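Undergrad: Letter by letter, the chains look like this.
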Amino acid sequence: MTPIARHALSLTTLAIALLSLTACGNKDAAPIATGEVTIKIGHAAPLTGPQAHLGKDNENGAIMAIDELNSRGLSIGGNKVKFVLISEDDQADPKAGTTVAQKFVDQKVNGVIGHLNSGTTIPASRIYSDAGIPQISGSATNPTYTQQGFKTTFRVFANDVHQGQALAQFATQSLKAKTIAIVDDRTAYGQGLADEFKKAAEAGGAKIVAQEFTTDKATDFKAILTKIKASNPDVLFFSAMDAQGGPALKQARELGLKAAFLIGDGGCTPEFIKLAGNAAEGQYCSLPGVPLEKMPGGTVFKEKYKERYNQPIQLYAPYVYDAVMVMADSMQRANSAEPAKYLPEVSKTQFQGVTAKVIFDAKGDLVSPAVSIYQDKGGNWNFVETVSAPTAPAATK
Amino acid sequence: MDIFLQQIINGVVLGSIYALVALGYTMVYGILGLINFAHGEVVMVGALVAYTVMTALAPTGLPPVLLALLALLVAAPACMGLAWAIERYAYRPLRHAPKLAPLISAIGVSILLQNLAMMIWGRSYHAFPDILPAIHYDIGGAQVTLLQVVTILLAAGTMAALAWLIQRTAMGQAMRATAENPAIAELMGIPVNRIITLTFVIGAALAALAGLMVGANYSVAHYYMGFMLGLKAFTAAVLGGIGNITGAMLGGLLLGLIESLGGGYIEDLTGGFLGSNYQDIFAFLVLIGVLVFRPGGLMGERVSERA
Amino acid sequence: MKMTARFFARLTRPLNDGRVHWLVWALLGILLAVMPWIVAAGFGNTWLRVLNFALLYVMLALGLNIVVGFAGLLDMGYIAFYAVGAYLWALLASPQFGLHWPMWAILPLGAGVAGLFGVLLGAPTLKLRGDYLAIVTLGFGEIIRIFLNNLNAPINITNGPQGISAIDALHFGSVSLARPIDLGVVTIPSLVAFYYVFLFAAVTIIGIALRLERSRVGRAWAAIREDEIAAKACGINTRNVKLLAFAMGATFGGVAGGLFAGFQQFVSPESFGLLESVMVLCMVVLGGMGHIPGVIFGALLLTLLPEFFRHVAGPTQQMLFGKIYIDPESLRMLLFGLSLVLVMRYRPSGLWPSPQRQREIQDAQHVDAPAAVPVSHK
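Chains as they are written, first to last, in this note's numbering: chain E, 1 to 397; chain W, 398 to 704; chain F, 705 to 1082.
Simulated from the structure, these hints should not be mistaken for laboratory data. Honestly, I wouldn't trust all of these hints.
Only pairs whose alpha carbons sit at most 30 Å apart, straight line, appear in this in silico BS3-like list of lysine-lysine [unchecked claim]: (1) W:LYS496 to F:LYS831; (2) F:LYS936 to W:LYS496; (3) E:LYS377 to E:LYS40; (4) E:LYS80 to E:LYS377; (5) E:LYS199 to E:LYS217; (6) E:LYS377 to E:LYS207.
Beta-carbon label-pair distances, calculated as ranges [said to hold, decoys possible]: (7) E:GLY205 to W:ASP535: 33 to 41 Å; (8) F:THR1020 to W:TYR534: 39 to 47 Å; (9) W:PHE670 to E:GLY204: 45 to 53 Å; (10) W:LEU562 to F:VAL823: 30 to 38 Å; (11) F:GLY816 to E:LYS199: 53 to 61 Å; (12) W:PHE670 to F:VAL823: 21 to 29 Å; (13) W:HIS533 to E:LYS217: 51 to 59 Å; (14) W:LEU402 to E:GLU281: 25 to 33 Å; (15) F:PRO799 to E:SER336: 52 to 60 Å; (16) W:ALA553 to F:ALA827: 33 to 41 Å.
Note that the coordinates shown come from a computational prediction; the quantities given were computed from them, not determined experimentally. Cβ coordinates follow ideal geometry from the N, Cα and C atoms, glycine included.
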């Protein structure tokens, strides 16, 4: 026998071995309690890698929502229901994101919450759309997500356009900035937000005196900050996550850069203040929605989260919580957990969440979402004002 | 001018840190011909251990400098132990294996350490405490902090000490002999295995110091921080001529300056066509350029100086 | 540890007879043909999707194997060629430029352009030794990724970090693989259709790789790998032969990239990071460098293993301790790292090395130190 044929045989054996290997992996079917209908909610976020802390935060929010729903002892379609969360790690990697999406579809989940990143949410949304499974993201901000023409995509969070405009409005009107410097981290999030901010800030009459870039893995920002210092801007808008924003602010002050520091939702975290230390005092960040304290049930959620996980909310947990609640609410109104039956109800949602009153537009984005600005005072983000986004779902083009 | 001076200072500080890390790569490479991919993770462990010690002892009210010293006293042995274990269990059994086997093993160790660190220290970014009072000096309009001065001096001092160790002591002689030809060194009565372990351990002590300095200078520590840092430091080591101690220092400083000046001036240099988003490209392009004209790196040819 | 090798040897011994070998081929053919149906029905589409990705990685690993395994050139930026192929497809068949070229035009073009990039990378690095080559290729891979990530301004070419979405799926004429294909008798689900296309491409690439290995060029690569100076002395044009290795390897990557874009229908720079290059390199080395069946094995193993951990890590703990102590995601990567170390520790020439190479290794281990001492730099 030729060596090739021998390899072929070995490969056959190998294939069989691998098949049996996969067989062991197929034990997903969760035992279903009798007399109860199980509603499976898929949740996807990066649980490993550099953004794992945010992914875990999302997951925590989802778990709280699920537990609360179960404690209410709901009935849907005449049956007592039990919600089960199936949480998967998409590693913030588009490819893993689609694998996870397929897994949810195979497991016949009733709905999907997530993903965290736009980069995974967009390719995964095609798979959910093909399967007709409703998807609500509480954190993916890229406008493209809801603009693909899918009926199953929803988001309970202001997208980049809304937030960019709100931030720019705050910078030009409230801070009266004439000159602005922008830094973005070249991720889908950072770049998307920076672009929208830039457009809106220029329209608002400010001059962009420097536009610099970093990465989402950087720790040293001194080169770009030194360059920005040379252009002496009134405001520095840092379009990145807390892990970069905090140290960058600290380094900016060490270099004697005195511009007011503004960061988007990715930096509106306790983490940011911890990382920036004293430098954070008096600086600004933005978060979609209205402060939790001003929302019915918001304060309770905040306290409960802290009690349960022994740490403050990182970032998107309340939005993810709302996303789960909106989904359950739609199921109740449709009196069915079947995706095809309750999907039309999701579009008709009028739900009072802890972050906002959730009403979707035709694409599945929030109708004129509010964005709130916060300022660090004594180590806490304090509410400053709510900038209602211009009535511009049409501006998402 | 003050801006240019500031960029030079930024570059030198960054470069000093790169150099400290690059030394670890270059020493191991010089003696074993192995790219110790896990070295960046050792730096990470050093930074996180130092962070833990400093935050744990913070309530004692000791001055930060003392805390930092204590942190180093804990972090250095921790890293040394770690490096010893890595060498003993992941690399030594592979000494006669095909060339790429230790490299893959090193990648495995790197993934392993990252995930272990994630389990121990969690997924969050940790704010690294200040180790020195925030004293600024004004040099021609440029800002220099006390910490930066200390970083540069410490790096320079460490490297001088290392150079002395390798060139002037019996141990250094043994290291050089092992690097030159392990088999013959062994015949000359040099305990080759012990020398190799020692190289790893010294590299790890430097890594602990580098971890502390990175944490202090950029005020952040994280389980993922070792990867990019290791990559950059390795680039620096190759730029200078891997296996060569002086080369590692030179490569580190050069890379720091390239990144700093590249980030600061690339836009002006290219008439606004390329921005600071191409900062990393700049470093790699210089690397490729140098290697095309000097395939052994900047200092690579002076084989006798190899450690 | 020699058990697996012995196991395979024993398995093939009774068949060491020319007459039987068509049977083996037929068996393998049938198995591969029915595989997607079994997998989809028995284990769900997730595993079918994973299998499709596994086939893509088989192509990538075989491509890298030409460079690393055959020619002995350590390339750590191989994913760049995958990226080039994927982005070429994305640009020529998506609303990005409003172009919708046919598959027949893009795939060969993608292969060609990737090959060209291979030469571009190869040319300045010809003189470099192994480890210098590693860092330069690594840099090259990063440069490509950084450009893809930033070429949205001043002219928007790649759409930057946002990636390109709504890419055309693989299609034959008007038949798109993204929808189930109705053949009258039987309807082929989309994922199965992709599987067949990927299988066809992978088998073709395996065929080419096998022919290359045995060709004149293949022998020249082996000669360079073993001793470049001796190869040169034998009259081998080392420069051209090395460039050819880079180009051929890159071509495979380009094809795989195009297929990836047509499968995923979304590309963004984060899919082409350094870790992907490292992963493909791990597949080649772990499987058995230079040994085609080994490399295929490595690619399948490293794509399936993490997914396998994803499925069993949590439930196993639940079963053993009644509680999850270490969350499955961390454990998955932890075990992956550990298995890399252990495999190299106990099978340093890979899980399934070529018999010839294995003999060389054993010989080297028996002869005492000097032969195996790392080569010093001259």
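Undergrad: Look at each hint and say if it fits the structure.
TA: Each hint tested on the structure:
| no. | hint | result |
| --- | --- | --- |
| 1 | W:LYS496 to F:LYS831 | holds (19 Å) |
| 2 | F:LYS936 to W:LYS496 | holds (22 Å) |
| 3 | E:LYS377 to E:LYS40 | violated (42 Å) |
| 4 | E:LYS80 to E:LYS377 | violated (47 Å) |
| 5 | E:LYS199 to E:LYS217 | holds (26 Å) |
| 6 | E:LYS377 to E:LYS207 | holds (28 Å) |
| 7 | E:GLY205 to W:ASP535: 33 to 41 Å | holds (35 Å) |
| 8 | F:THR1020 to W:TYR534: 39 to 47 Å | violated (59 Å) |
| 9 | W:PHE670 to E:GLY204: 45 to 53 Å | violated (28 Å) |
| 10 | W:LEU562 to F:VAL823: 30 to 38 Å | violated (45 Å) |
| 11 | F:GLY816 to E:LYS199: 53 to 61 Å | violated (39 Å) |
| 12 | W:PHE670 to F:VAL823: 21 to 29 Å | holds (26 Å) |
| 13 | W:HIS533 to E:LYS217: 51 to 59 Å | violated (28 Å) |
| 14 | W:LEU402 to E:GLU281: 25 to 33 Å | holds (29 Å) |
| 15 | F:PRO799 to E:SER336: 52 to 60 Å | violated (36 Å) |
| 16 | W:ALA553 to F:ALA827: 33 to 41 Å | holds (39 Å) |
Taken one by one, the earlier hints fail for this structure at numbers 3, 4, 8, 9, 10, 11, 13, 15, listed in ascending order.
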